[in-house]
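2 protein chains.
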Amino acid sequence: MDIALLGGTGDIGEGLALRWAYDTNHDVIVGSRDPEKAENKAEEYETELASRGTDVTVEGLGNEDAAARADVVVVAVPAYHLTDTIEAVADHLDDAILVSPAVGMKRDEDGFHYNRPGVGSVTELAAQAAPEGTQVVGAFHNLAAGRLANLDAEIDWDTIVVGDETDPKDTVCELADGIEGLRPLDGGPLSNAAEIEGLTPLLINVARHNDGMHDLGVTFQ
Amino acid sequence: MDIALLGGTGDIGEGLALRWAYDTNHDVIVGSRDPEKAENKAEEYETELASRGTDVTVEGLGNEDAAARADVVVVAVPAYHLTDTIEAVADHLDDAILVSPAVGMKRDEDGFHYNRPGVGSVTELAAQAAPEGTQVVGAFHNLAAGRLANLDAEIDWDTIVVGDETDPKDTVCELADGIEGLRPLDGGPLSNAAEIEGLTPLLINVARHNDGMHDLGVTFQ
Numbered sequence: 001m002d003i004a005l006l007g008g009t010g011d012i013g014e015g016l017a018l019r020w021a022y023d024t025n026h027d028v029i030v031g032s033r034d035p036e037k038a039e040n041k042a043e044e045y046e047t048e049l050a051s052r053g054t055d056v057t058v059e060g061l062g063n064e065d066a067a068a069r070a071d072v073v074v075v076a077v078p079a080y081h082l083t084d085t086i087e088a089v090a091d092h093l094d095d096a097i098l099v100s101p102a103v104g105m106k107r108d109e110d111g112f113h114y115n116r117p118g119v120g121s122v123t124e125l126a127a128q129a130a131p132e133g134t135q136v137v138g139a140f141h142n143l144a145a146g147r148l149a150n151l152d153a154e155i156d157w158d159t160i161v162v163g164d165e166t167d168p169k170d171t172v173c174e175l176a177d178g179i180e181g182l183r184p185l186d187g188g189p190l191s192n193a194a195e196i197e198g199l200t201p202l203l204i205n206v207a208r209h210n211d212g213m214h215d216l217g218v219t220f221q
Numbered sequence: 001m002d003i004a005l006l007g008g009t010g011d012i013g014e015g016l017a018l019r020w021a022y023d024t025n026h027d028v029i030v031g032s033r034d035p036e037k038a039e040n041k042a043e044e045y046e047t048e049l050a051s052r053g054t055d056v057t058v059e060g061l062g063n064e065d066a067a068a069r070a071d072v073v074v075v076a077v078p079a080y081h082l083t084d085t086i087e088a089v090a091d092h093l094d095d096a097i098l099v100s101p102a103v104g105m106k107r108d109e110d111g112f113h114y115n116r117p118g119v120g121s122v123t124e125l126a127a128q129a130a131p132e133g134t135q136v137v138g139a140f141h142n143l144a145a146g147r148l149a150n151l152d153a154e155i156d157w158d159t160i161v162v163g164d165e166t167d168p169k170d171t172v173c174e175l176a177d178g179i180e181g182l183r184p185l186d187g188g189p190l191s192n193a194a195e196i197e198g199l200t201p202l203l204i205n206v207a208r209h210n211d212g213m214h215d216l217g218v219t220f221q
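Protein sequences appear in the order of chains A and B. First residue of the first sequence? That's 1 in my numbering, and the numbers climb one at a time after it. First residue of the second sequence? That's 1 in my numbering, and the numbers climb one at a time after it.
One chain only, chain A, in its complex shape:
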């Protein structure tokens, strides 16, 4: 499967790109507003993977071209860039599944807090920005970017997947399952996304207040 990571040059995008390229046979396409930046990052990922004996091609393209090539498009950009990134690639999505991992947060002196958009959640904001008929799935909201991008670091985390249609949700669950140590769980429809997104500031607060804990994820049991 061809997976495009828009904003795949940083944060959660880097980790997902590296893990999918390393753990699975899917083709990873790194997207960026700046095609040259995408290309440089893709090369960097290839070098990192080759150093571990994995010789794969990671392509780097502008966001529009990356989206046009992919079966699954992960919009791995900060919440405040989500809408404009989706609008920029709207004409290039075809039948691709759009995946939103973004979370809105604000910070005060006490800690991080969930900044819930009026529409209900950032995931539903993505669905609203997507062209009519696009299948939108929420996933990968609660993954610590730094640990995900470090292939030496083992993970043992769950990711909750939400969506209003079964097929695209199943596809995203399979993609998640391909990453070693990541377990997808069904969270129901998109309207259940807020509570998933709200878990991310909690993970950061717990990491800040407990010695020896950092780059946290969760397991449901």
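These are calculated hints, taken from the structure and not from any lab test. Careful, some of the hints might be misleading.
Stated by the list, open to error - Pairwise CB distance ranges, derived in the manner of DEER restraints:
(1) B/E174 / A/D84: 46 to 52 Å
(2) A/A50 / B/E174: 46 to 52 Å
(3) B/E43 / A/P117: 49 to 55 Å
(4) B/E154 / A/E109: 34 to 40 Å
(5) B/T57 / A/E165: 55 to 61 Å
(6) B/R52 / A/E44: 56 to 62 Å
Claimed, not checked - Now the stretches of chain B that chain A is said to cover, found in silico as 3 or more residues with beta-carbon under 8 Å:
(7) 41-55
(8) 92-105
(9) 183-191
(10) 210-216
If you're wondering where the values come from, they're calculated on a predicted model, not measured in any experiment. Ideal Cβ positions, reconstructed from N, Cα and C, are used throughout, including at glycine.
Please arrange chain B on chain A, whose structure you already have, making use of the hints.
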């Protein structure tokens, strides 16, 4: 230590009462608006514990008397009874630490959702209702009541503890740590409670949508 569980006749109160009586040497006092109901439930817990070889006294009292006797008062009532329960025992708290595990939820056809009170969180609502100078701690928000109350069921869960003062928070962490399989984590000040409370509807949604998963808690790792 003397622990009173107001509303200790049902839901999360039952589980905490049984686990503390079974796993620790703390004295457990079951509180209820109806002293007779408290007494009956306390006897029921004693019988259950005796059947497992643990001969302890569990006292059952009206909420006011239970609060007056305790070093730590856990207000294990539904969110909509939190304020009136705290107000009813206000004159009986002395220097007791008040612990709030309550979460406000609403349900629609898609799932459960966090019903955040205007003051920020249910835990902060408890702090607002408590008499001036009472030390309020939030904890035990994310424990599945059914599994907690079943002493045959092993648990391996974290509970996030929030509070504005270190000493009462440390005391509650020690109490939590006494329950086998429960790990307390520091969540920072009370103002970080909302994201903890929001995790409870997520646990319910995940249990509803995934075969073989029920009575869930979480582990941070």
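Given as covered by chain A, does the region 41-55 of chain B meet the bar of three residues or more with CB within less than 8 Å? violated (count 0)
Per the hint of 55 to 61 Å, is the separation of the Cβ atoms of B/T57 and A/E165 within bounds? holds, 56 Å
Could you tell me whether the CB distance from B/E174 to A/D84 stays inside 46 to 52 Å? holds, 50 Å
Between the region 92-105 of chain B and chain A, are there enough contacts, at least three residues with CB-CB distance under 8 Å, for the coverage claim to hold? violated (count 0)
Regarding B/E154 and A/E109, is the given constraint of 34 to 40 Å on their beta-carbon distance met? 39 Å Cβ-Cβ, so the 34 to 40 Å window holds.
Is the gap between the beta carbons of B/E43 and A/P117 within 49 to 55 Å? Since the Cβ atoms of B/E43 and A/P117 sit about 51 Å apart, the hinted range of 49 to 55 Å holds.
Taking 46 to 52 Å as the stated bounds, is the beta-carbon spacing between A/A50 and B/E174 within them? With Cβ atoms ~51 Å apart, the hint holds.
Check the following: the C-beta atoms of B/R52 and A/E44 are separated by a distance inside 56 to 62 Å. Given range 56 to 62 Å: holds, Cβ gap about 59 Å.
Is the listed coverage of the region 210-216 of chain B by chain A valid when you require three or more residues with a beta carbon under 8 Å from a beta carbon of that chain? Coverage by chain A holds for the region 210-216 of chain B (3 residues, Cβ < 8 Å).
Count residues of the region 183-191 of chain B with a Cβ under 8 Å from any Cβ of chain A, then say if the count reaches three. Per the Cβ count (6), the hint holds.
The earlier numbered hints that this structure contradicts are 7 and 8.
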